[in-house]
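A.B. asks: Residue numbers (this note's numbering), protein chains in the order written: chain Y, 26 to 306; chain V, 780 to 1067; chain S, 730 to 1054.
Be aware that one or more of the hints could be misleading.
[What the hints assert, rightly or not] Below, in silico cross-link-like pairs of lysine to aspartate or glutamate (DMTMM-like), each with a Cα-Cα straight-line distance of 20 Å or less:
#1 V:Lys855 with S:Asp878
#2 S:Lys830 with S:Glu994
#3 S:Lys840 with S:Asp924
#4 S:Lys899 with Y:Glu294
#5 S:Lys967 with S:Glu841
#6 S:Lys950 with S:Asp1050
#7 S:Lys929 with S:Asp849
#8 S:Lys899 with V:Asp811
#9 S:Lys1006 with S:Asp1050
#10 V:Lys855 with S:Glu985
#11 S:Lys967 with S:Glu776
#12 S:Lys853 with Y:Glu294
#13 S:Lys830 with S:Glu1003
#14 S:Lys840 with V:Asp811
#15 Y:Lys233 with Y:Glu294
#16 V:Lys859 with S:Glu985
#17 V:Lys849 with S:Glu994
#18 S:Lys1038 with S:Glu776
#19 S:Lys967 with S:Asp951
#20 V:Lys954 with V:Asp811
#21 S:Lys899 with S:Asp849
#22 S:Lys876 with S:Asp917
#23 S:Lys785 with V:Glu1056
#24 V:Lys855 with S:Asp932
#25 S:Lys772 with S:Glu978
#26 S:Lys970 with S:Glu1003
#27 S:Lys830 with S:Asp1019
#28 S:Lys967 with S:Asp849
#29 S:Lys970 with S:Glu776
#30 V:Lys859 with V:Glu933
#31 S:Lys853 with S:Glu817
#32 V:Lys859 with S:Glu994
#33 S:Lys853 with S:Asp924
#34 V:Lys849 with S:Asp987
#35 V:Lys859 with S:Asp987
#36 S:Lys772 with S:Glu985
#37 V:Lys954 with V:Asp965
If you are wondering where the hints come from, they were derived from the structure by calculation, not from laboratory data.
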Amino acid sequence: MIWLLGAVLFWLAAWAVNARIAASPLGQRQAGRLMVAGLFGITVLVLWEGLVRGFGVPAVILPGPSIIGPTIAGNLGTLWADFVQTVIKGALSGFAIGAVAAFVTAIAIDRSPFLQKGLLPIGNFVSALPIVGLAPVLVMWFGFDWQSKAAVVVVMVFFPLLVNMVAGLQATDRLSRDLMATWSASYWQALFKLRLPAAMPFAFNGLKIAATLALIGAIVAEFFGSPIVGMGFRISTEVGRLGLDMVWAEIAVAALAGSALYGVIALIESWVTFWHPSQRK
Amino acid sequence: MTRALPVLTVLMLIVALWYAGAVWLNSTWVYDQAQRVGTSVTLAEVIPQTMTQTRPLLPPPHQVAAELWKGVAGQKVTSKRSLVYHGYVTFRGTMMGFALGIVLGVGLAMAIVRYRVMELSVMPWAIISQTIPIVALAPMILTVSNQIGVENREIPKAIIAAYLSFFPVLVSMVKGLRAPDAMQLDLLCTYGASDAQTFRKLRLPASMPYFFASLKVVVAAALIGTIVGELPTGAIEGLGARMLIGSQFGEPLIMWAALFAAAILAGGLILLVGLIERLARARMGAPA
Amino acid sequence: MKKLLSAAVFAALGTGAQAQDVTLQLKWVTQAQFAGYYVAAAKGFYEEEGLNVTIKPGGPDIAPTQVIAGGGADVIVEWMPAALAAREKGLPLVNIAQPFKSSGMMLTCLKETGITAPADFADKTLGVWFYGNEYPFLSWMSQLNLKTDGSAGGVTVLKQGFNVDPLLQKQAACISTMTYNEYWQVIDAGIAEADLVTFKYQDQGVATMEDGLYVLEDSLKDQAFEDKMVKFVRASMKGWKYAEANADEAAMIVLENDETGAQTETHQKRMMSEVAKLTAGSNGALDPADYDRTVASLLSPGSDPVISKAPEGAWTHQITDKALQ
């Protein structure tokens, strides 16, 4: 009971502090924003711990942060190996291959309005499909190691990226293109100087969506067969062994990896598309 | 016709590639089998054999189509063997997740627009939540909802679907509710409108185009969430469960048919949502 | 939570004269492996005992041990190694009945890989199921002194998915199969029995006990619960013996209960006739000799013993003694 009460009290107190910060001038600055978000995150953890202890939830159902934390600290080696296998080898390589493929395809079909008209609706449709269902098939084709995981990721990220790239390449207005024509710029010059830069906001939009998809794809594919390392492998095995603290440790790593990937893409975006209105401070 | 021709050409190309892939991938097995019995086969003999295997690596399109047809029209739609029935189960799950996602997304967006502290504390975590691969969380959602006594298997499925679908709603609603400019807000202020009135008469109507524009993404996300929820969590009913059973019992045709049924369902849902969007836009007086 | 739980149990019992509810969590999807329970339900054996039994199928993301810990089931079907491992994790599971006498697990290898005896496993790739089913394999390997970490001279372990494709695609030299399921999928796929080499865990002397019925230790102290389980085990064993004698009918009953509608008659009939061979020879009561062998095999020296010390009180004849009088 004490735990429950404490957690709720902490929550209320933290909320009051957050409300104060948000209302004060500090809330307008980066530091204040970080503080508020951080405090909220801590509150969630405290509430979680309080609820788990207050209700006496067994650790084989839902372990509290106080159990998960030491598990993370004690298994850094395993977590790192899983991270390398799933994120670096599986997700990132697939992500890179898929992104390059989508980029090249978009430029390849750029000169053929016929192909564009044909591919766009199909690409749009395929991006909405539950491609994860292909995971067992691809594991069958490409074997058990990370190659099949990368293949799943390629298929998952290709179409959203392609659709965004094609849309991006069409994003310039007539006036700018005419200007390029009056300067008698060649197709390639116009592409590199005008249309590709203009397509970048769309491309990054696609990359951000694809970043999340990549991790999902790599982890799902491991459920259908894998070597005995990897985040998806660990999650499915540890659930069977009732090692839920380890499962949550992997989830934490996945969240960290996902956020980091997203963050890196956003960083590159702000650097590449500094001219775009959405980047104005 | 001018719009259909390119699409049809690309489709034909895909089907042709698919057949080629089927011959290529399935031929290994034919050669292996021939070697096991100690005979050799010519290419002309191999090709027909790659078209009719019971567990092909890649079934050719007509095999999938036949299996799909068998699943849809081969029995009563209420039968457990009917893909229509399983499609309906998945559809129901998707709709529950869709509704839950919309409620959650709209509710959060309202709170975020109204209270600055909500924006500062919740918004960053909402973004982070989307970078957590849902599949990692799915088994945990299942266990925890089991623990708190949720017997119904639809609920965890809907939660997973909602987890994926609330975010696009949230983002576009926040944008939409903030769409009215200072002049419009000032005008309502001069009318002495209360917060609630401003919300109802200005912010809400202004957000509607944004809301409807997000629905296509939302419904696709809800479907993916539902299938991910069906795939490993109990393998009872639904297209996801059929994919799993097809994989487990070495019946790739069942798996492929379920995959295509899911694709058809996705197509239907997107058309439906697109129609709703168009109707709503027309109703709001947008140019068609 | 425990209080809430027992309150719920009392509330269920409070209904008195009405049928007593029992929820059974299976280890895997609906298939003939669990025919006895489905037969007992379909033939009204449970009803005769005044029980209202709900059978929950499992799946890849469902650990029965976890379900019972969360109060989602009264009794579960589980394999002994997983149950003992859960017991060491602090979940006091007790075996109350053991309808399966023998183990159906084996490793099936392609003859062309040159494997003829377990010693040949060295430096080969073996497919194994995880999710709690890896324990028998790991203890067997440690008895063979084969390392499973992929180092030279050891074996490379693959986490096998839910089918036999790794063998067909030659991604693994051997894969785990059950006598009643996956083995026949390999045969169905067109590989002749003569092209295969199989190693049954039972023949290798490393068999661990499979499908048993487990409940939480505390609940057995409750007279009403005990009484309910006595009835449940009696009716279930009646179902099993009926299924053994009428394999085809039992398979059809299973099919009717398959909600995915993706299972086939041939698979299930054959599975039933193979399962009948494993349940034959068990009247439901656990054989202590089998238990001792299971524990010895799990404790066997190695880098990664499944359990660290011999468990106590992990099984009881309390229920079967009364049920089988």
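A.B. asks: Run every hint past the structure and note whether it holds.
C.D. replies: Evaluation of the provided hints:
Taken as a hint, the V:Lys855 and S:Asp878 pair is broken in the structure, with Cα atoms around 51 Å apart against an allowance of 20 Å. Restraint check for S:Lys830 and S:Glu994: not satisfied, since their Cα atoms lie roughly 25 Å apart, outside the 20 Å limit. Between the alpha carbons of S:Lys840 and S:Asp924 the distance comes to roughly 5 Å, so the proposed pair stays at or under 20 Å and holds. Taking the CA atoms of S:Lys899 and Y:Glu294, the gap is about 44 Å. The hint is violated against a cut of 20 Å.
Between the alpha carbons of S:Lys967 and S:Glu841 the distance comes to roughly 44 Å, so the proposed pair goes past 20 Å and is violated. Distance hint between S:Lys950 and S:Asp1050 is fulfilled; the C-alpha atoms sit about 16 Å from each other, no more than 20 Å. A threshold of 20 Å between alpha carbons decides the hint, and for S:Lys929 with S:Asp849 the separation of about 15 Å falls inside it, so the pair holds. Distance restraint check for S:Lys899 and V:Asp811: the Cα-Cα separation of roughly 11 Å lies within the 20 Å cut-off, and the hinted pair is therefore satisfied.
For the proposed pair S:Lys1006 and S:Asp1050, the alpha carbon gap of about 24 Å is over 20 Å, so the pair is violated. Simply put, V:Lys855 and S:Glu985 have alpha-carbon atoms about 15 Å apart, close enough for the 20 Å limit, and the pair holds. Between the alpha carbons of S:Lys967 and S:Glu776 the distance comes to roughly 12 Å, so the proposed pair stays at or under 20 Å and holds. Distance restraint check for S:Lys853 and Y:Glu294: the Cα-Cα separation of roughly 47 Å exceeds the 20 Å cut-off, and the hinted pair is therefore not satisfied.
Straight-line distance between C-alpha atoms of S:Lys830 and S:Glu1003 comes to about 13 Å, which keeps the hinted pair within the 20 Å bound. With a C-alpha separation of about 14 Å, the suggested pair S:Lys840 and V:Asp811 falls inside the 20 Å cut-off, and the hint holds. With a C-alpha separation of about 10 Å, the suggested pairing of Y:Lys233 with Y:Glu294 holds against the 20 Å cut-off. Only pairs whose Cα atoms come within 20 Å are accepted, and V:Lys859 paired with S:Glu985 is accepted, the gap being roughly 9 Å.
Distance restraint check for V:Lys849 and S:Glu994: the Cα-Cα separation of roughly 17 Å lies within the 20 Å cut-off, and the hinted pair is therefore satisfied. Distance hint between S:Lys1038 and S:Glu776 is unfulfilled; the C-alpha atoms sit about 41 Å from each other, more than 20 Å. Straight-line distance between C-alpha atoms of S:Lys967 and S:Asp951 comes to about 24 Å, which puts the hinted pair past the 20 Å bound. Pair hint V:Lys954 plus V:Asp811 does not hold up; C-alpha atoms about 59 Å apart against a cutoff of 20 Å.
Under the criterion of a C-alpha separation no larger than 20 Å, the hint pairing S:Lys899 with S:Asp849 is consistent with the structure, at around 17 Å. Taken as a hint, the S:Lys876 and S:Asp917 pair is broken in the structure, with Cα atoms around 33 Å apart against an allowance of 20 Å. For the proposed pair S:Lys785 and V:Glu1056, the alpha carbon gap of about 41 Å is over 20 Å, so the pair is violated. Between V:Lys855 and S:Asp932, the direct Cα distance comes to roughly 47 Å. Violation of the 20 Å bound is thereby established for this hinted pair.
Between S:Lys772 and S:Glu978 the alpha-carbon distance is near 11 Å, which keeps this suggested pair within the 20 Å criterion. Simply put, S:Lys970 and S:Glu1003 have alpha-carbon atoms about 14 Å apart, close enough for the 20 Å limit, and the pair holds. Taking the CA atoms of S:Lys830 and S:Asp1019, the gap is about 8 Å. The hint holds against a cut of 20 Å. With a CA separation close to 43 Å, the supplied pair S:Lys967 and S:Asp849 exceeds the 20 Å bound.
Using a Cα cut-off of 20 Å, the hinted pair S:Lys970 and S:Glu776 holds, with the two alpha carbons roughly 17 Å apart. This hinted pair checks out: V:Lys859 and V:Glu933 have alpha carbons roughly 17 Å apart, not beyond 20 Å. At most 20 Å may separate the alpha-carbon atoms for a hinted pair to count; S:Lys853 and S:Glu817 exceed this at roughly 32 Å. Using a Cα cut-off of 20 Å, the hinted pair V:Lys859 and S:Glu994 holds, with the two alpha carbons roughly 14 Å apart.
Distance restraint check for S:Lys853 and S:Asp924: the Cα-Cα separation of roughly 17 Å lies within the 20 Å cut-off, and the hinted pair is therefore satisfied. Under the criterion of a C-alpha separation no larger than 20 Å, the hint pairing V:Lys849 with S:Asp987 is consistent with the structure, at around 18 Å. As the CA atoms of V:Lys859 and S:Asp987 are separated by approximately 8 Å, the hinted pair is consistent with the 20 Å bound. About 13 Å separates the Cα atoms of S:Lys772 and S:Glu985, which keeps this hinted pair within 20 Å; it holds.
Our distance criterion of 20 Å between C-alpha atoms is met by V:Lys954 and V:Asp965, whose separation comes to about 19 Å.
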